[in-house]
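Novice: Once you have looked at the hints, place chains B, C and D on chain A.
Chains as they are written, first to last, in my numbering: chain A, 2 to 649; chain B, 17 to 266; chain C, 50 to 318; chain D, 2 to 409.
None of these hints come from the bench; they were simulated from the model.
Computed from a prediction, not measured in an experiment: that's the story for all the values here.
Note that beta-carbon positions come from the ideal geometry of N, C-alpha and C, so glycine has one too.
Be aware that one or more of the hints could be misleading.
Unchecked claim - The calculated DSSO-like cross-link candidates involving lysine-lysine, where the alpha carbons are at most 27 Å apart (straight line), are: (1) B:LYS180 with B:LYS219; (2) A:LYS228 with C:LYS278; (3) C:LYS109 with A:LYS228; (4) C:LYS125 with A:LYS648; (5) D:LYS305 with C:LYS288; (6) A:LYS555 with C:LYS89; (7) B:LYS180 with B:LYS125; (8) C:LYS125 with A:LYS566; (9) A:LYS444 with C:LYS202; (10) A:LYS577 with C:LYS109; (11) C:LYS56 with B:LYS255; (12) A:LYS47 with B:LYS247; (13) C:LYS101 with A:LYS555; (14) C:LYS202 with A:LYS47; (15) A:LYS444 with B:LYS158; (16) C:LYS56 with B:LYS158; (17) A:LYS110 with C:LYS202; (18) A:LYS47 with C:LYS89; (19) B:LYS158 with A:LYS47.
Said to hold, decoys possible - Derived coverage of chain C by chain B (criterion: at least 3 residues anywhere in the stretch with Cβ under 8 Å from a Cβ of chain B; other residues may be distant): (20) 157-166; (21) 206-214.
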Amino acid sequence: MSVARRAFIQMSVGATVGILFTPTVWVALDDVSIWTQNWPWIPRLKYGEVKSVPTVSKMCDSGCAVKVRTCAGEAFAVAGNEDNPLSGGGVCPLCANSAQVKNSPNRIKTPMLNGEEISWDKAKEVVAEKLDAAGSSVAVISGDQNGTVNEVFSALLADKGSDAFYMMPCDMQAADKAWTGLMGGYGQIGYDLEGADVVLLAGADALESWGPTVANLKAFAANGSGKFLFAGPMQTKTAAVADKWVPVPAEGMAAFTLGVAYYVLQAGMTVDVADFAPFRAMVMNDYSPAKVEAATGVKADRMAAIAKQLLAASNPVVVPGGSVAAHGAAFALNLLLGGAMKAVPEFGKAVSTAMSRSEMLNKDILEGVNADLLFVYEANPAYALPEQVKAGFTVAFDSVNTETTASADLVLPTLHGFERFDDLASPYGVADATYSLGVPVSKPSVNAACAATFVLGLADLGFETFEEVLEAKAEAVGADMDALAEGGAYVAPGETPVAAGLAANVLGKAAVPVKGSGALGLVPYTLLNVGTANRATTPNAPCTISNNQLLGDKMVVMMNSATAKQLGVGVGSKVKLSGGNGECEALVQVFEGVLTGAVAAPLGMGHTVGDEFSKGKGDNVYKILTVSSEAAAGASTWAGSTVNVAKI
Amino acid sequence: MEERRASKRCGGVLPFIIGFLATCVLGWAVIPGLFFDKVEQPVWFSHAVHVDGQGMDCESCHYFRDDGSYAGFPTNEVCAECHAVDPEEAMEAIAEAGIDPSDYDAIMKAEIGAIEDNLASGDDDMMAAEREYVVKYLIQGKEVPWLNYQFQPDNVYFSHAAHKDMTIEDMAELKKELSDVVDPSVFEAEEFPEQNCNLCHMKDIHLNDVPPAFQRNILSGYSKMTMKMWKCERCHALKGQPNACYTCHK
Amino acid sequence: MHVKEFKIKWGMVIDIDKCTGCGACMVGCQVENNIAPMTKSDPYNYAQALTKDRDDASNKLRTLTWMNVYELSNGKAFPEHETAYLPRPCMQCGNPACVPVCPVVATDKNEEGGIVSQIYPRCIGCRYCMAACPYHARYFNWWDPLWPEGMDKGLSPAASVRPRGVVEKCNFCHSRYMEAKNQARMDGEDPMNLSEGAYTTACQEICPTGAIHFGDLNNPEHAVHELHKSPNAFRLLEKLGLSPQVYYMSEREWVRKQGDNYNAGGSGH
Amino acid sequence: MDSKLFPEGVQRCGFGQFLIWTAVILGFFTWGLYSAVLVLYNGIGTTGLDNYFGFGAWITFDLAVIALGAGAFFTGLLKYILKIKQLEKIINLTVVVGFICYSGAMLVLTLDIGQPGRAWFGYWHPNVHSMLTEVIFCITCYCTVLIIEFIPLVLEQKQWNKIPFIHALAHNMHINMALFAGLGAFLSTFHQGSLGGMYGVLIGRPFAFREGFFIWPWTFFLFILSAVGSGPVFTVLVCGFMEKLTGKKLVDFKTKALMGKIAGTMLCVYMFFKILDTWAWANGYLPSVGLTFDQMFYGVIYGKWLLWTEIVLCGVVPAIMLITPAIRNRPALLYTAALLDCFGVCVNRYIFTVQTIAFPVMPFDAWQTYAPNWVEYASSIMIVAYGFLVLTLVYRYLPLFPQERELN
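Excised from the complex, chain A in its bound form (with noise of 0.2 Å):
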């Protein structure tokens, strides 16, 4: 061993002792444990005032009135509105995600013609050019229930000399074709869910995702006696909280409401209509008690019990879901015991030649639409419809892909919620009449535009933007248009509900339970974090979903272990589900709150275009719905509906 290479070994042990004597050692080590603190790809925050700025969201059917929380200008958070009515402070799962879908990646950015960016500019010439060449062939889908946009759209259609305004089925659109249309009533029908001291849920899923969801969870927490009661062959989120849960299937559902009927008018209670005497006589006759039993499977004394109930209370209220005859069955049950049942009267137009709302109801999208020229807003037909919609040219108005963005031939985005205006007008279900409206929150981070403001490029509809719409609307309303910007609602009271009749010939022969061919009832329901018709789920929200709806990217359907054992299957067995013209492919999950011979399935999932939080995550229900005709009642419905399912 020379010595140089030994000396050099020695000195290396010097230097290494030598270090450990100085900081650099033991502050490297610190260095990098902060580093690990701070790593460079993990993202930072940034900060600044934060501030909660009130407006709008429709994320969800009905929408929410939040509060948006911004820092330094940028929306982070949403939270409820304690002021308005229609919040009360809580937020429903879809809207709490919103700021987050404002920032999707899923958002589109700019104007697509045929896949092509295009200019606003261009995209304006070629909607005129194909409204020019469309005539009176022209008609619009719209996801919004309950706002002003829809006046502009519609008073569109008038211009062109069309009346082929169609909503996303809806219960809205049962209800007023009962109401307004079987039994001349005046208004749109509200329940009033805090006052009432009895209330029997006939299939309106109202702490879950029925009307109004965040002002029904409201109304249910303040009504601190009040009895609920929840009829439906499911044991949803809302019979989870609910006094007790009767199950009923969807569509013996107007049959058990009249079974219920029949002991309030064998209590003797009246309506002073013109055809009160045929209709006790059509109840008392064809819904005996044994009648129902018979055709539903509720039990007499089960009927029995809820109508002493329903008697015994002051101010009762029956909320129904489902078939055009089970609302009207509801309808004229509530008339019979004069409860908590409203009438909420319409508020006045901005656009004076806008459809009235009964009037945008009354296209039934389920029996087909075609035009020349589609409008879609906001709505997802290509997903939730994809058999009964079709057009020469699609206009798709959204904020996010979708189904029908990713097949319409012109895509224009919209601004998201909190980039405009946008307004609530008494959300279906709500006791009073309610206005809300929205102001934009942050700038717009696309290359949107408002849809309204350009339907009013294309027309002369006495308005150049949307904002002006909502002026005159608040006008017409009767409100302070800087107090609503303030996050406040305006409220005027619900009536009593008068009806011309209660439609007896029609009911009578609507309300026969009517079920498919399949072996299994299907029961679909929806969960507001699983999305809607429209919306599909949101970045934070799958983790909210339980295993009982998706397990991996695979659907779960329910049914209880009677069911199970009958079908031969077990917790985790494959199926295939078929019914309507389609298939889907689910896992079992057994759980005894489902009818027996019924099996549960989510609506909302299975989207084929979106985010990766919700593409490619089980499968649509909406294909093996099946539309029947309620004939009586000269409307379509999916209840009733069945599958046959198959182990594989």
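Specialist: The following block gives chains B, C and D in isolation, referenced to the frame of chain A:
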């Protein structure tokens, strides 16, 4: 054989000592400096010009909001109260002049009236700095990415409101115990300033004309002046304040 | 058993009979506390391609949900079946199982208010606290937090973004406590005697049915003070002696029993 | 080729054969290294662990190898402190095995913690109440002790030992080895105990929680006993395996039988207390918190068979076999008993690690199951490969077995 062994022994100590001393010197004198990058502030901001020259207060820019949060660095909105260049007007003028709005140098050279007429500075250097701020940030609607000498990472929660009533005078009693935490000269002034900023922030920053470079740790990204946890803890302990984790972390 | 007591004791009383399990609290919590949405792929990490995908939200054993809603069943067959939903934040135990086990004092119960802290920069990620917590209230960052392109600009200023490899849990939105104290200081009030509602958690604020009550259990002016003494109130796993600061309420006996099946008989451990 | 480096007077296989053998080991090692890199680069998400099973294969592996490595400190204790002369024939091997087990465990721990860059926090911010802190301290200190115990063996390498300084150093270290043996015994006893204590203190986990003595739950003492009841025979197994592999006699059977006797005695003591503990847990503690013994088990994966295997088949049976001279003195039966014993202690560590956290404490929660994925297997195999590699090199170049020359 004897000789070799002797030389071996001798050689065993000397190289060792050389190595030891060399790294000791390196480790104390040279290496610590290598941990830091020097980064200049994005634009030249002179506290002296604003405070001395314009007679502004600290609170003009660094104030408490109504909710008790602290505004820290002023936003464009605050700056624009004096630097009254209308961004829209300026952008229009830039467009008219046919200049790309992201080509800062060209804009600064073009002497656009909408900008130049509203500059407040007197001498050329200051005017250049002000112009730079206006062109690069104000009219672009971008906030200036000021470098915070007292940078703290996101996991630290610091409440200015909780410290606002502390005075340097009170703290002077603890100057010995705090000698490693607070620059001792802060306690040596004849008359203590009204604000207590000097306790943690760069001393007498309001008199500063050319802001010093920000020394960024190459590994952790911290400022050389970032107050480490033990300093916060020392003072809290001395003042009888809680040192629970969530007192300062989030 | 040693229970740490403080003058202020922030606590929750959750009314199970009001909870519909809608999930708004979970979403509100994730948004407030910068919990990244669960994404399968990491476009910025090339080594991810070599191994398996990250987990998506359907894998409930890998999700990060400080607030988690459990579904309870009374175990009976149709039609006698009943369900209930039980939101589970961190229990902020008086005698936490997780605190004494942490080897590096990254979690502690040492602050006025009794909130169990969890300090991310200190945590070495040994997961001993997770093994110790019977409520599954502690979560591990299995992957780097990742927000889909552009979504990271809307982060909440309330909580630092945690790197992978550390444990985290609900802290009753602690930075809101700090903000409430700041506001009190600004208004010349006593930050150690906040009025009801001055400090709220994100889950409580967003809950549409107001099922979650929050306040100082020791302060007679706060609603939870009375609520937690209700005969229908109970705590999870009472008998293990962890002494949680989160209470539940239900009029349904089977729910109370499931919340604490150790309640029946015996003197407790 | 490298025969000059071999220990004095022994034969080793050819260099080519040695290279092939090493290459095979390195193959496994590289596979494990790849998984380790994935873990460090991507995070622990790559494993099969989850929020219910924060502890899994790695911790089980750690606890098992540390228990099996207990042969080092216990044999050291007997040899240097209690002066049982005969054990010097196997003491070198116990030290090497102990070193491999402990250093391997530490390598796995670096992977197992989410933030390896902060591993030193255990020293800088220790929580004196945490059993894990005790583990971190003792395990690192004891690993250092093992290195110190290992060094003289390395220094005795034939070529190095020719240097007078190294020769003297090795000699001096040998003389003072009793000190380190004592220190090692102290450290090791404590952390074997604190590993058990880690589970015993979990008040929220009725499966593992135990009352105890002062701050130590009973599991603290049970873990020490089970470790010393299995560590010595693990060394015997390693020795036997090496003999099979090399075709040479390395340690006389008398020594092995003595090791068996030592382990057997300790195992008997352990089984006595373990059975007592299990009984008291099932009949005393569990009912006191409203639980039953049956509720602690689930299906096949967490069935009672695990407990019976551990206590009866791999506990009582080997204990009887090892203390019965007639059985112990027959090689085949000694090895069988040793295998059962070692397997038993592994099962024990597995049950304490996994079943403890698998039991759903909240009544409405469900049992979850855990299976390690390839990443955890591969990284554990990496440590095994590392052990093989160290033993291979040590056997080839260091005078590991003082008896080798006379026995062959």
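Novice: The structure should be examined with respect to each hint, and the outcome stated for every one.
Specialist: Hints and how they fare:
| no. | hint | result |
| --- | --- | --- |
| 1 | B:LYS180 with B:LYS219 | holds (17 Å) |
| 2 | A:LYS228 with C:LYS278 | holds (25 Å) |
| 3 | C:LYS109 with A:LYS228 | violated (35 Å) |
| 4 | C:LYS125 with A:LYS648 | holds (26 Å) |
| 5 | D:LYS305 with C:LYS288 | holds (25 Å) |
| 6 | A:LYS555 with C:LYS89 | holds (15 Å) |
| 7 | B:LYS180 with B:LYS125 | violated (44 Å) |
| 8 | C:LYS125 with A:LYS566 | holds (16 Å) |
| 9 | A:LYS444 with C:LYS202 | holds (13 Å) |
| 10 | A:LYS577 with C:LYS109 | holds (25 Å) |
| 11 | C:LYS56 with B:LYS255 | holds (20 Å) |
| 12 | A:LYS47 with B:LYS247 | holds (25 Å) |
| 13 | C:LYS101 with A:LYS555 | holds (19 Å) |
| 14 | C:LYS202 with A:LYS47 | holds (8 Å) |
| 15 | A:LYS444 with B:LYS158 | holds (14 Å) |
| 16 | C:LYS56 with B:LYS158 | violated (46 Å) |
| 17 | A:LYS110 with C:LYS202 | holds (17 Å) |
| 18 | A:LYS47 with C:LYS89 | holds (26 Å) |
| 19 | B:LYS158 with A:LYS47 | holds (13 Å) |
| 20 | 157-166 | holds (count 6) |
| 21 | 206-214 | holds (count 4) |
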